[in-house]
Structure formats: structure tokens, C-alpha cells
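S.K.: Chain by chain, the residues run as shown.
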Amino acid sequence: MSPRTARKPRAAAAPAAAERPDRITAAFERCRAERRAALVTYVMGGDPDLATARDMALACVEGGADLVELGVPFSDPIADGPTIQAAAQRALGAGTTLEDVLGIAAAVRARSQVPIALMGYLNPMLAGGVERLVRGCADAGVDALIIPDLLPEEAEVLAPAAAEAGVKLVYLLAPTSNPARVEAAVRAATGFLYFVSVTGVTGARHAVADEIAPLVSAVRSRTELPVVIGFGVATPEQARALGPLADGVVVGSAIVKRIAEGGSRRARAERVKRFVRSLGRALGR
Amino acid sequence: MKTAALPDERGRFGAFGGRFVPETLVPALDELEQAWREARADPAFQAELDELLRRYAGRETPVSEAPRMSADVGGCRVLLKREDLCHTGSHKLNNTLGQILLARRMGKKRIIAETGAGQHGVATATAAALFGLPCEVYQGAVDVERQALNVFRMQLLSARVIPVTSGSATLKDAMNEALRDWVTNVRDTHYIIGSVAGPHPYPAMVRTFQSVIGREARRQVLELAGRLPDAVVACVGGGSNAMGIFSAFVDDAHVDLVAAEAAGLGLSTAKHGASLAKGTPGVLHGSRSYVLQDGHGQIQEAHSISAGLDYPGVGPELSYLKDQGRLTLLPQTDAEALDAFQYLARMEGIIPALESAHAVSAARKVARDAGPGGLVLVNVSGRGDKDVEQVRKMLEAAPPPRRTRARPARPAKKAKANARPRAAARKGGRR
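Order-wise, the sequence lines are chains A and B. Take the first sequence: its position 158, counted from the start at 1, is 158 in UniProt numbering, and no numbers get skipped. Take the second sequence: its position 253, counted from the start at 1, is 253 in UniProt numbering, and no numbers get skipped.
Derived by calculation from the structure, the hints in this document are not laboratory data. There may be inaccurate statements among the hints.
What the hints assert, rightly or not - Restraint ranges, calculated between C-beta atoms of paired labels, are given here:
1) B/225 x A/95: 41 to 49 Å
2) A/180 x B/68: 36 to 44 Å
3) A/128 x B/40: 35 to 43 Å
4) A/261 x B/132: 42 to 50 Å
What the hints assert, rightly or not - Negatives, chain B to chain A, calculated, CB over 12 Å:
5) 49
6) 152
7) 346
As the list claims (entries may be wrong) - Partial pick of chain B residues on the chain A-facing surface, computed with a CB cut under 8 Å:
8) 10
9) 14
10) 18
11) 21
12) 179
13) 183
14) 184
15) 295
16) 298
17) 299
18) 388
Predicted model, so just to flag it, every value in this text is computed and none were measured. C-beta: ideal position from N, C-alpha, C; glycine also.
The shape of chain B in the complex, shown without the other chains (with noise of 0.2 Å):
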């Protein structure tokens, strides 16, 4: 099962994959994976952008002791792959670079993204904003609020943020609308698809811009342990980040591949966002995978506290992953998430991402079963400082109980009725 190999010409990945987008746009997507096919065997190309992450994104990124918190969990190594200490933020850059010098290379005059968190949607800008390309990013209205501060900082990169309203108004509705824009614009526009998800070649190009994490953590796990780590841990929206480091490790049967998805209120309830745990296989946004839908084939809503896995589809690779048997499904709810947000903070100096806490939420698990002489390696995907006024509102609504242990609170008994994430987080930590 060499991952590597896949997909196939037609961008499949066993049964997933391949392309269900109007016929606009399949000359566009034509041109690009003819561009990036030439991009990748150009080492004037693959120059350039080593360099561009080298200097400009801050590559590489380290990989981290968590000494305290292998401790706390019993003696198990963990170690974080630093993916916050990439420019802007997060690992998102290293796919926008990519695709920014696509697009220059396809002569695009104009480029759009959408957004979740924010996180890809300030990589985006940042990457258009170097190369003095215009910039338009679709964000859902819901998420422009929450995350206000990641709109201003796309706004001084002089990208336009446009608040989509439609459906659930979050991230899948701000891809139906960059979607809509692309059918519209094809010509002169490149869109930067943030995520392994959408129409071939975007997951597999995606990947392969994001396969630098991986290949950077294989070898500083090699050079830190002297081996292989038993556990890669990452959260799964799109899966982008995941892809990243899961790559570099799906060839080695005894690494075990952990995908915390968002069990937003719990898997028993219809608030999350796990669709590789409770999905079924169905088409949205241009390729066939795991979605989030009712059994009309209307997409689901899906819930998560951070904003960037709020998504009721994911990447197709993952989905074929997943049916080879090859992830561990481990899916974290809103309540662990903003714990294990807390606790890396306390533990270890490091806010990370709402994403990522959910990766570090699972990694407490599974390096408490490993134990002492086990050794599970993070995906830091993202920093937290987008998230920390959203955090802050949360735990001011109902400070939650002191606590450094992973067992979930037990709900307070004098809880305020109109504290509602405080009442959320409570749901899904009795799960």
C-alpha cells in the first residue's frame, strides 16, 4: 500500500477521489495539475520554494520535548511538531507558497481561498501579498465573528474578506462560494484550495506541498529517539496537516496514524465534525469521500468549537486511509479540546491551535496507554493566538475547575443556565 503511488491518473484513491466539479471548470484543473506536474520535475521550481520556506516561512520547524507532559501521562515521550512556529502561524503556509508559485507559473492574475479558522485564509494572503497578486477570501459570516481577529490580519495583508451567509454560513459554505467565484472567474484566477480536499489534483498537490512536515518530523524523531515514533497523532478537518505528517509515516505498519476529528457535543449527538468516525461516503465539493450527510444525501451542519474542523467532509485519501484500516479514529469533543488547550499551555509554554488542541487531547490518550518506553509524536499544527479571546470569553462564561489531570470535570453543580459552552462542554465530557 504505497500511499505515494496514489492516486491514480484520474485521481483516485481507491474509491475515493476524483472529480465531480461543473465542466467550467475541468480546464482549469487540467491546466493546474499539467503546471504542477511540470512544477514538481523543475528543480528551478522546487528551488525556489525550499527557499521561500526556508527564509520566508521559517522551515525547518522543530520538533519539541513535551517533558512535562510525558510525565503527566505516565512516562510516555511525546514530542510536538512545531508546525506553530511556521510564519503566520500555522503549517497552512507551506501549501499557499506552493500554489502561489502555481499560479504565477499559469500566468493567474487573481487569487481566492476560503477559510475556516482563518488560518489558511491569512497563509493565502500572506502568499499573495508577497507576490502582489489580488486577493479575495471567502469566509462563513459565523466565522468571521468568531475569529475577528484573523479577519483584521487578512485585511492588513490587503486581502478582502467576503462574510458568505448562506447554509450554516462556516466553512463548507465559504468553499460553495470560492467554488462559485472560480466557475466564474476560471480564467484569470487561481484558487487556493487549503485543504486535501476538493477536485483532483487538489488533494494530492495539497498533500505533497504539506508532505514537507512529515518529512522533516521522520527524520528529527530519527535523530532525537533513534526510531520510529509508535504513534503520529494529528487533528482532521479537510486533513491537510495530517496528510503533512501522516505521509512521511503510512508506509511503516507499526506507526499507529491517530486522526482527532471534532466529537464537537458528542459522537451520540448530531453537533460534530467527525466525518471519517460517523460519515458516510458520498460527493461534496468536488471529489468523492467521507461526508456528513442524511440519508437524502443533504450535507449536515457540522459543529466543532474551533472553526477550522468545522467541515462535514474530508479529504479523500483519509477516507481511503481509513477503509485500508490504516487510521485509529480518535475523535476529541469540544470539552477535551479546550481542556487539552489549557493544559499544553500550562504544561508545556505552548498555546496551540483549538485545531491542534484536539491533537493533543488524543495524544494524552494514547500516550497513557503507551506508557513508559512508548513514544508519540504531535502535530502542532497551528498556534492559538486567534483562538485565545474566544477561549477567554469561554472560560470567563464558567471558569472551569483546577485540574491537570485528564479525567473529564464533573458538571458543576451551581452552573449558570445561559453559560452555554461551559453547558456544551459538560455534555461532551461525560461521553
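Next up, chain A with everything else stripped away, as it sits in the complex (with noise of 0.2 Å):
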């Protein structure tokens, strides 16, 4: 609740949507110019509750996030893994809406100007007509929608939309995405891409470097936009390790795992930082 240092002394204001400023490739360049891989970190809207939610999401960018991806919770979610599900299923116990997860957005952009993205199933997100998914997504300072279940080729419920919105429609790739599907994927994307490092869903395991370098390599010889390396990435020591490789790397469930653990919201909020902290130091922040 108590106000809070945003992470960078920047105008807290959030501009006109006609003449809004790309906060994600400002972002991307920033780290390239650090020559480090930027650090997202994932926390689940309304888990468990709106308030403690937005406090986690502002841990994030206190602990130095570079960009802050909020999960629109989910009854099906099938490309999540027990942490990620569980979550999802506090936040709908507690009743989270789209609309709240967009004023958690709003709440972090009245902070700070750190990309956000918001991460979640098409049904959701399409529940309340396109149109107002993007206005909603603009109006609380939105940059990116992350939905695993839309492919590019299905795209066109959403894709102008979005663009005349400018939010950016960011779409994911895994390891058995062959050079026809990268193409795809690169030519529909705007703002990053996202490598899944493994084939499996989201959640804490062994994302392994030496397998997926040539994978993320040859996506990025393919495009200008920043690959991010998302699924799998659990502690410092791995996002060390992939750091190299990507753009950027995105940390979820290990996040979210860390706000199960429970306490009051300043000690949830405390664990999330000095977490997102050690990840950021090890990407060299």
C-alpha cells in the first residue's frame, strides 16, 4: 500500500494511447547497450488477491525487473504446469477478472514505465470483445498481449485490433517449431518473440543451454525483434546460463512459487524482490 521508489526516477504519468512511447524496444535497447539479457518476471493476477498480486507485480520492478509480464488467470489453463494452475485457480477463487488484472497494470504504470505484458488464454482475453480488450490494454498502459493458445495463422481476431491500439502481439515458439513456423511466427510478432526452452508446459525444470543455443540462434538470425528464453528458467544459475543466449529470460513459476510460500504481502512482497534481485544480478544487471 505505502508508496514506493520506482525503480528508475521517470514521470509516473501514463501518456495518451496515440502517442505512446515503445516502452518494450526502449527497454530491449537499454540491455542491449548494458550488453546483458533483460530480466521478465511473471506473477499471476489476483493471487492471491488483487492487492497482493499488485504489491508482487511492484516487487518486481523494485527488485529491477526489466519487464513484467501478469498472468490473466485461467480454468484450463493448458500450456501451465501445478504452479502456474494453482495459481490461477487462487486468483479465480478470489474472482479475478480481466478488468483487475488490467488496474494491477495500471496501478505498476502509475510507478513506473517497465514494459507490461500480459500473459494469458484467448478465451479470457476475447470474453469481452476485442475491442475492449485493447482499449483496456492501452488505457492501463499495456504494452503486449502473450496468449500460448494463439498461433499466428489464427491471428486475425486480434491482430488489427491490437495494432491500431499499438499493443503488440507477442507470439511463441518451442523446440519443435520448424524454419516454416519461425518464419510464421517472425513475420505476425511484434514487440519480442518467446522460445519456449522446452517441450512441455510452464514450471521448474532443467532448461538446458547446450540444447537450446542453436535453437534460439537460428531465430534470431531470422529477425530483428529480441528473443526472450521463457519455460523452465527456476534460479540464478540457469538464468545465468541462458542469459547469453537470448534477448532476454523470463522467470514464472519459481516467482510464483515464492508468493505461495505465504506470510503477510510485505514479506511475500520482501521474498519476490530479493529473489528478482539475485536473478538480475546474475543476468549482470
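From these two lone chains plus the hints, build me the complex, please.
M.R.: Next comes the structure, spelled out in C-alpha cells:
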């Protein structure tokens, strides 16, 4: 609840949607200038309640996240492992809606210019209509949407409206993606690309740098867009190993687990901030 | 509206279908689509499948007259397509035999499936056993309990049954878990989806494997009655038996296609599984279709007395046919299905699956409306052995009044307070 200092002293007010700065590009350029991968952190919106989730997102920012992902909970999250499934259940149990998650985004935006991406499944995203979604994102200062069950070839439901509102659409690539799939994602994506480091669902496991290095570099050779690595990055050591391969590293389930360990909001925020700091240090922040 | 021409190359049935899955699965779906296309054009594949269906599954299944039911409903001739006589006790084997041949063609080493009532799980375990492939079946923990007999059958067939406790612990959650497994093990695993649901090419592929029901039935009815039926009635959960039989009649505009969804405790309650009747378009399990959801796009838990209809989605082709005005929706309550379960046993000596009992119940109404001179074809998609124990418990908890007419029972004045299934039946029956 108490006001917190933003990571960098910037103007806090959200600019008008029409003249929105490209926060995502700026963030990756800054990281590139610092010769390090960006740290992307994930918090489930509404887990275990709205106020806590907002504090956790702010703790990520204070801990030094370069980009913040806010999860939009869904009842049937087929791309997620047990940790994020459980977080979605807690968030839904607390009555969390897309509007609530946009509210968290707006609260983060009021204090920081950190880029914000919503990550969630298509059905809840589109339940209120495409226009409402993209306008809500623009108004809340959300920069991008990451939708694991939206493929480039199905994107026409959302892509034109998102482009008009200045909201970027991020696509995922996987170790199973062949060159044609990479090409499709690269052509369709805006903002950045999300390379799923394992064949599998979200959740901490050993993402092996040796195996994915050639795959990620093949993607990077085909696009100017930043490429982040996600799914299965749980420790500073893993972040350190994967950082040199990509433009960014995503840590999700490991943060969600630390939030789920319980305690007061302040205690959870401290725990998250410490962990995010350790991840940032591992990436050379 | 030649349905056979659908879906288009992206797997769309009009506004429905498509592919809404994690990127990881796309190459596997492409591979499956390719293998299926090649197999369809390969006479050796067709011959092997036909041979399996004939000598192993026991096809063709007969169309039986239902003379006592016909008399009881006022003279409309009722014919039963007997998928309950297919090996493993339901239509599900038509699809799993087809898909196991594809899995072998693609060189997959492991089979996974999801199941509700266990019919699809048993059919998958059977096909996997026949070809010596290891098989794991995801089943909601609630269904593991209420379908204990089928769990044991799957285990006998050397499949591993994995109870799923997330969400509502029923069919939809089993499908989520199977999809997660597939995302993880996609390189060497084939996922045998049991219904005309899921991402492209599953809805079209499963419909094609099940269309043997319709092809046989159409010919058999023409032989028996010399004309097409006035109505074809099938239960609809995901919709594989329905699409299987409807596919042969969909272009005959004068044949009424009747979809008997699960009305559960009644369509005015939240406890039903009637996605076509009460759902709205949304994305679930990889395709766009009618789904039961709240205003925020969260999937609602379905309810049905029958585990196989306890699903908040439906195949995209059925959603398309609904929007085309091609379907008559006639959802049946738990009480009506329970009644029809006993009715068909008593009248015709056939114990249908609780799923199929929904179709029997709807057919009673359709046939009564049609009257003498009418001709109604009912898909008895499965046999009721798996449900006998569950029904016995329900009936013992509150024995029903003896009757042969379809009228819903008046609530028994002295119903016991703890007789839950009976209480449920009363609610439904009053509607």
C-alpha cells in the first residue's frame, strides 16, 4: 500500500494511447547497451488476491525486472504446469477478472515505465470483445499480449485491433518449431518473440543451454525482434547460463512459488524482491 | 451445405473449429494431418482398417427393430443402431482402431488418451494392447470413482489410468491433463482424442472414423424400411457418435437430426452439460465452438448423470450445424435418462449406456410426436454394463414408482432427505 520508489526516476503519468512510447523496444535497447539479457518476471494477476498480486508486481519492478508479465487467470490453462495452474485457481477463487488484472497493470504503470505484458489464454481475453480488450490494455498502459493458445495463423481475430491500439502481439516458438513455423511467427510478431525452452508446460525444470542454443540462435538470425527464453528457468544459475543466448530470460513459476510460500504481503514482497534481485545480478544487471 | 466438404484447409467449420493450441503441438498436428491424408488415399490402410473393424470390432453392427417401444410410443416405428454391440461395448473403438493405425504409421511409441465414462479409455487401451503400445489414460478423479469397472478394464488391458484432481476432476480436466502430457512428450507420443473435439484435424478425422456408423445405418434403414428415417437421434457430449451417424444424413434436409445433450438437473439450473443449447461461442481444448462459460470467459463445470456427457464443450462441426439450423436440440435431464435406461431394458431387453439413454429418452418424445407412419432411428452408442452399479445405487437410494409411460414422476411424498440422486431426478423431472 505504501508508496514505493520506482526503479528509475521517470514521469509516472501514463501518456495518451495515441502517442505511446515503445517501452518494449526501449527496454531491450537499454539492456543491449548494458550488454546483458533483459529480466522478464511473471506474476499471476489476482494470486492470491488483487492487492497482494499488485504488490508482487511492484516488488518485481523494485527488484529490477526489465519487463513485467501479468498472468490473466483461466480455468483451463493447458500450457501451464501445476504451479501456475494452482495460482490461476487461487486468483479465480478470489474472483479475479481481466479488468482486475488491467487494474494491477495500471497501478504498476502509475509508478513505473517498465513494459508490461499480459499473459493468458484466448477465451478470457476475448470474452468481453476484442475492442474492449485492446482499449483496456491501452488505457492501463499494457504494452503487449502473450497468448499461448493463439497461433500466428489464427491471429486475425485480434491482430488488426491490437495494431491499431498500439498493443504488441507476442508469439511463442518451441523446440519443435520448424523453419516454416519460425518464419510465420517472426512475420506476425511485434514487440518480441518468446522462445519456449522445453517441450512442455510452464514450471521449474532444467532448461539445458547446450540443447537450445542453436535453436534460439536460428530464430535470432531471422529477426530484428528481441527473443526471450522462457519456461523452466527457476534459478539465478539457470538465468546466468541462458542469458548469453537471448535478449531476455523469463522467470515465472519460481516467482509464483515464492509468493505461494505465504506470510504477510510485506514479507512476500521482500522475498520476491530479493529473488528478482538475485536473478538480475545473475544476468549482469 | 455439403458437410463432407468441411472443414476448410485450416480446419474451420464456418466460424468454428481451427487450431488454438500451444505452438509446441503444431508440428505434431501437421504430421497427423499429413499422415491421415495419406492414409485416406492409401487402399492398404483402408483395407487394414476395414478388416480390423470387421474381424476384431465385430462390424457391421445391426439395426434392430424396437417393436415394444414402437407400440408404447403410439405406433411410430423405432429402429436402433446397435453400437452397443461393437467390441468393448461402444462406438469408440471405430475411432481408436483408426487412430492406432495412424500412430503406427507415424512411428509413435506411446499412446495417451482422456476419458470420461471410460468408454473411450477402454477402446484406446484395447487398440493399444492389440498393437503392443504402452498406453496412459487420463480420467477425472470423480469419474475414476463412478466408473470403477471401466478403470479395472483399462488396467486389465495394461493401460495406466491417471486420476486427475484439478478443476472439476471430470472429463474436461482429463483433457487438459492429456494435452499437457502431449505438449511435454509430443515427439514420441500420439494423443488419441475420443471425440469430434480438439484442434484440427481431430474433429474431421474422428468424424470420418465414426462415419462408418452412419454409412451402415443409412443402408440398413433403407433395406429395412425402404426409405430414410424422419429423424435420427443421438446423444451429444463431445459429439462423436452423433457426428458419426448424422454424417450420412446431413445432406438429406428432410431428415431431422436430433441432438440429445445432457440437461442434468434442468436447463434452468447451472447443473447441466448442454453446450449447444445453453453455451456461447468460445475457445476450449484447441478449437472454437459452443462452450459453457461465464461472462468472463471462464469455463463452467458441466454436470450430467452420465460421465461421458459431463463436458462443457462440443465438437465444432455440431456448433456449425446448429448455427445452420440443421439440428434439433432436445436436451434430456438426468431423471429422464435414468428412466430411459430402465425403459429400454424393460421394453427391448437392451441396457443402454447412460449416455445413450439420453438419446433413447429424446427418441421417445420424437417418436410420440411423429405417431403412426413415422420412422425414427436412434443411435444406441454404447451398452450400459459400466453404469449398472451406479444406477443400482441410485435406485436403491430411492426406488422409482413402477410405470411404463414417459410422464415424469410426481415427487414421492415421503422421499428421504438423504436421497440425493432421487432429489436430483425430481428437480429435473418437473421441468
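S.K.: Now tell me, hint by hint, if it's right for this structure.
M.R.: Comparing the hints with the structure gives:
1. B/225 x A/95: 41 to 49 Å: violated (56 Å)
2. A/180 x B/68: 36 to 44 Å: Since residue 180 of chain A and residue 68 of chain B have Cβ atoms about 60 Å apart, the given range 36 to 44 Å is violated.
3. A/128 x B/40: 35 to 43 Å: For residue 40 of chain B against residue 128 of chain A, whose Cβ atoms are near 41 Å apart, the range 35 to 43 Å holds.
4. A/261 x B/132: 42 to 50 Å: holds (46 Å)
5. 49: holds (28 Å)
6. 152: holds (28 Å)
7. 346: Per Cβ check, residue 346 of chain B is outside 12 Å of chain A; nearest 40 Å; holds.
8. 10: holds (7 Å)
9. 14: violated (14 Å)
10. 18: holds (6 Å)
11. 21: holds (6 Å)
12. 179: This hint holds: residue 179 of chain B lies near chain A, its Cβ roughly 4 Å from the closest one there, short of 8 Å.
13. 183: holds (6 Å)
14. 184: Since the shortest Cβ distance to chain A is 4 Å, the answer is holds.
15. 295: Hint holds; residue 295 of chain B Cβ to chain A Cβ min 7 Å, cut 8 Å.
16. 298: Since the shortest Cβ distance to chain A is 5 Å, the answer is holds.
17. 299: Because about 5 Å separates residue 299 of chain B from the closest Cβ in chain A, which is inside the 8 Å limit, the hint holds.
18. 388: violated (32 Å)
The earlier numbered hints that this structure contradicts are 1, 2, 9 and 18.
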